[in-house]
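A.B. asks: These are the residues of each chain, in order.
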Amino acid sequence: MRTPYYGADRVIGYLFFLPLLIVLLIFSFIPIAYSFFLSLYQIVLGLPRLGENFVGLANYEKLLEDPAALNSLEVTIIFVCFSTVLEVCVGLLMAVAINESFRGRGMVRAAILIPWALPTVVASQLWRFAFNDQYGIVNYVCFGPDIAHYKAWLADPFSALIAIMLADVWKTSSFAGLIILAGLQTIPDELYEAARVDGANAFQRFLFITLPLLKPSILLALIFRTMDAFRVFDLVFVMTQGGPADATNVLQFYGYKKLFDEGMVGIGSAVSVMVFILVLSVSIFYLNLVGTTLLKKKETLL
Amino acid sequence: MITRLPRLTSKLKRSLLTLLLLLAANSSIADEINFVMWKPDHPEVWDRILSDFERQTGVKVRVEIGPNSSTAAHALVSQKLKNADPDLDVFMMDVIWPSEFVSANWIESLYLFFPPQDQADFFPAAISACTIEGKIYGVPFETSGGLLFYRKDLLDKYGFGPPATWDQLVEEAEYIVSREQSHNPALRGYCGQFKQYEGLVCNMQEFLLGNRGKLFDDVERKSTIGFPANLHAVRYVRDKIIGKVASRGVLTYEEPESLHVFIQGHAVFLRDWPYAWEIANNPRESSIAGKVDIAVIPHFTAGDSASTLGGWQFALSTFSRKKTLAWQFIRYMTSPSVQKTFALETSQRPSRRSVYNDPEVLSGNPHFAQLREAFEKARPRPAIPLYPLYSSIQQRFYQAAIVYPDSSLEALAAEADREIDRLLKLMSEGKP
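Keeping their order, the protein sequence lines are chains A and B.
Going by the numbering used here, the first sequence opens with residue 266, and the numbers climb by one from there.
Going by the numbering used here, the second sequence opens with residue 541, and the numbers climb by one from there.
The shape of chain B in the complex, shown without the other chains (with noise of 0.2 Å):
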């Protein structure tokens, strides 16, 4: 018995051994790093890309796919980063994120990698939504935001030019319905999403600081929905948008609903993300497809066009051991040519402004041109650690006020500063 004991453990060390080698193997492949990441559209040309960086550098990139929801795939990298995972180095970051994340000192930052002179090709808004208390976290990799969407057939007939102000877009809209209805009765004025969940949020920052309207004062750390100009925002929304131009059925309306009404041929205006144009043009979806174009967001007579901006940007996790090579990585990803590739051949809207020059780009996609300049007007959501809180305040006060046409949007106002101001003190206890 007690002879038979050594050779087992010698057998047993062996193994171990092997398995110990295996995995400094394993983990000794310096040169490799992992990425999280939604599910792409167009896998084929994400596979080129990546084994074209693996070929260049030697560096290989290990892609974890997460889920396509903004809200479950943030469930997840947090998840990963609250473990301090070390076998998470670069994410995909949606807007919203970057504030929650540096005050959980989640994410590294950049300003070592990237500074202000290789940031001016990107759009501002999607690098003012990256940079928190003067430092930058993440590289834009895709830039997005809300777009006024027409109908070029309709406007066209009746001499009408895109809308530049929201009192123009309710006076066309009254009129090309009013002639329309005839033969096209479902046929409504505006179409967008002011279901209470965060595209409400989205829908009504337009129309707030496109009256100069302000949600949030940066230096005194104050929310500031009770201004002036932003409930003579909300008002006009209640009384010349919601039953008027647009039905009352958009207070349901996610992105989906609205963008079906819009494919349908139901409404002659439609405010939705750029995503929206590949459907709205695709003849075996749509009805009108051939017959829509793009323009800026309207804004009121006071002040400037001011789309929401929402897109994906790279970020580099605190825990990472392989910061430099995740640079790297970051760096090829959002050089002017991968971004290239990617609007060639995926119609993907990048964060360059540069890319959008490029007359092949244009070629291929001419509404690049529109979309450039609306990108140039974003404006990203007020950057707040605790973001969803705080986009539950502003949904319910967005609502109540609109739902109900005789509610006081003054009464209203003041009581989500009230909680907004409560949720900033809470912060403040958080900070180190």
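Same shape as in the complex, but just chain A (with noise of 0.2 Å):
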């Protein structure tokens, strides 16, 4: 139950609340604010004489029939989707191993959580040079020291899209499987105990203890993952620059192209309105899941 705060409590609650919805009124709301006032007009850098014409949605459906706004969509969503659940699936596999105890388990934490520290530019040219079509490591790999049977693989929209998926998997597993650590690390022993009494096998602890304890911190995992994925801008920039045609032209590799380097101030603001709309949906989708099954977990404890 709420207790209501009155009085000089009641100031002070505030007070505590205020840096932080300073923060976020300057640093969120008023972006966003901005954002979607600007989508609603039609301003071209390149054409100061056209003004600032109040258009209302117009941009938004200009965006809606453009078949390359369309297919960064598309490719996003693919993106998002295929990413993390791998991002998922090898962070819990990450956790489970890290959780067991073994000799040089700290080292094995620490290595899992390189990628994770790296900035994202690094990693990203780190992954261009990997799959470079001359030198990188992994037509070393497939292929050996023969040169001439390397392959392009950025120049392939297949494999291109592939590979930007493999290199944001690379870099942020680790984070997924941090979050379920801590999921793991909270349940008791005593279960697994009861479970081996019983004689169930180490699968079927997984499947029946391990996976149901599990789920609310895997969808932590998935909802930061996911909202993360939508966002993905850096390791396109660097790796293929959205091609090859347009294959790996993620939503918001096609705003900032369409804001600073074409100066189309009302779309590009109405793109990045629109992505905030997407993670916004998909994050209140997600809430309302993670919400219900807890609460569930709360009844089923009384």
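What the hints contain is simulated information worked out from the structure, not anything from laboratory work.
Please note: incorrect hints may appear among the correct ones.
Stretch-level coverage of chain B by chain A, calculated; a stretch enters the list once three of its residues show a Cβ under 8 Å from a Cβ in chain A [said to hold, decoys possible]: (1) 788–794; (2) 798–804; (3) 896–907.
EDC-like mimics (lysine to aspartate or glutamate), calculated; alpha carbons at most 20 Å apart, straight line [stated by the list, open to error]: (4) B:K620 / A:D526; (5) A:K327 / B:D625; (6) B:K579 / B:E885; (7) A:K416 / B:E797; (8) B:K784 / A:D421; (9) B:K965 / A:D331.
Heads up, the beta-carbon is just placed ideally off N, CA and C, and yes, glycines get one too.
Both chains are given apart, each in its own frame, so use the hints to dock them into the complex.
C.D. replies: Put into structure tokens, the structure is as follows:
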């Protein structure tokens, strides 16, 4: 039960709340509101004489009719689906592995965190080199020193998208792993002991104890990863610039080019707002899911 | 208290007065102009030339160094112009900017200062890139264009000369690669820049215009990508170049990657800009130093060679308060003698054709003879105010056409034409 605050407590409460409010206002609400405001105007930087005309939702209509924008939406959704699912799976394996006690666990834990700690731009350069058609390590692993058979991975629409996903999985699985590890450590050992007494083998213990109890942390990892994946930009910027033939032209990169290269401020802002709405609805969906599972858990405990 | 106030004010007044005087003195240095350029490769040469100018004219030049990338420099300069900054007098302008800057009324027409008879010594393509609706808006300072670099040793070995047509290039490349492959398995015939970016537009334009193609109808103000001659050239690139004489990797190459392949000895031919000459012939960076030569870009049997024009020009801001002084500076920097100094001491490619005939310049830079021939045949990219957007549409078309071997070129080109015509309509609304 929440107890209502009175008098000085109330003031102190607001004081504690104030810094967060200011930060959110300056760095989230105002930019989002401003983007939305801009997205209702036709503003072209290269044509200052055109002025700034209010056009209502015309920019959004244009987006929905632009095959390049729709392609970007499709690419983004494919990217989000495959990379987040893979990331959570790999993260789960990592978490289960580093939760066990074995010699050198500290080392392994640190090693797993390295990709996540690297700045994305650095990691993207690294992967761009790895997939290079002349000296890339991926080609060396596949074909050895026989350069004549080397493949240009980033020149093929299909393999380029896969390459970006792999780079993202490599980079962020450890983040999902960390969240799931936190969940793993809250599972009491007694449950496993009880299961062992009942004759459950390791796989059964994982399937019937670990996995159900991890559901909230897995969902949490999914939320974070999905929201992040929708906003993927740096990987594409460094590795492919949206190519080949728009195969990796994700929404954020499409919007960036519209705004900064082409000077279409209105349409570029409309793309940002669309991405915001997408991320927001996905997180509301997830939060509802988590909310209900958490509630159920509480009910069963009661 | 009250008695102290006047004292304070007078002190304040005095300091204010000094400040004002200082400011006035500063702005009354009528003989000072502000110039924005990129970071020079040879700052000591620039310093000397600038101080020569200052000594001769008494005009002081304040140099502001902007970013090196053309896109970033564009952002800086257009920001200043948008704000009508009076402290920008002269700046370096890329060949693709004039149309936009003129349509925004940001740069001054130079027709009074720079009449047609004075323009004759400059490369026609560079002059045409600076000419919008019949008026001249810039003075070319450095000219550049697409070139064909080739392995002279390999062509000589098999008795070939530099190819004049694309068919010859393909034939020579295939023959040489088939003979050399046993001891150089990584060798490919051709290398260029086909990634989805501005360089793709430059490379493809050379194929299209080299087939008597036409991108844009200036009279009707219409996009003409769908012309059969254009599509023939695009199909040629898709069927004969990408994945054939060139590896599919060129679809991911910008200039550095393609040059890297060439200087590793992994390509017979390379399409690149003049800067590649110094690097390809530098033994510390290149495994083929001294084995490289330059030719003009090949063409199709029906057409003529059409190198894509690049380079930098001087432009004069509309908001400058010192236009006459600024012009003095521009005239000095583009004079034959200064152009010659730059050519001799920095190997910069002059914009004046006469400098290429100078025996002193030629003996220091023997490859200038070929450069001149290529730049004479250079063709600018279409002058369209919203160039970046125009370029994006083209990039999308070219990549879709050459990445997917079974795409319908006609349908893709029709879509690109439609998009560009919509863009033109938007631009005509933006006119006064």
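A.B. asks: Compare the structure with each hint and give your call.
C.D. replies: Hints, one by one, checked against the model:
1. 788–794: holds (count 5)
2. 798–804: Result for this restraint: holds, n = 3.
3. 896–907: That given contact is violated, which follows from only 0 residues of the region 896–907 of chain B lying within Cβ reach (below 8 Å) of chain A.
4. B:K620 / A:D526: Cα-Cα ~17 Å, so holds.
5. A:K327 / B:D625: Distance of about 34 Å is beyond 20 Å: violated.
6. B:K579 / B:E885: holds (16 Å)
7. A:K416 / B:E797: Holds, at roughly 15 Å.
8. B:K784 / A:D421: Holds. K784 (chain B) to D421 (chain A) sits at ~15 Å (cutoff 20 Å).
9. B:K965 / A:D331: Holds: K965 (chain B) and D331 (chain A) sit about 17 Å apart, inside 20 Å.
Hints 3 and 5 from the list above are not met by this structure, while the remaining hints are.
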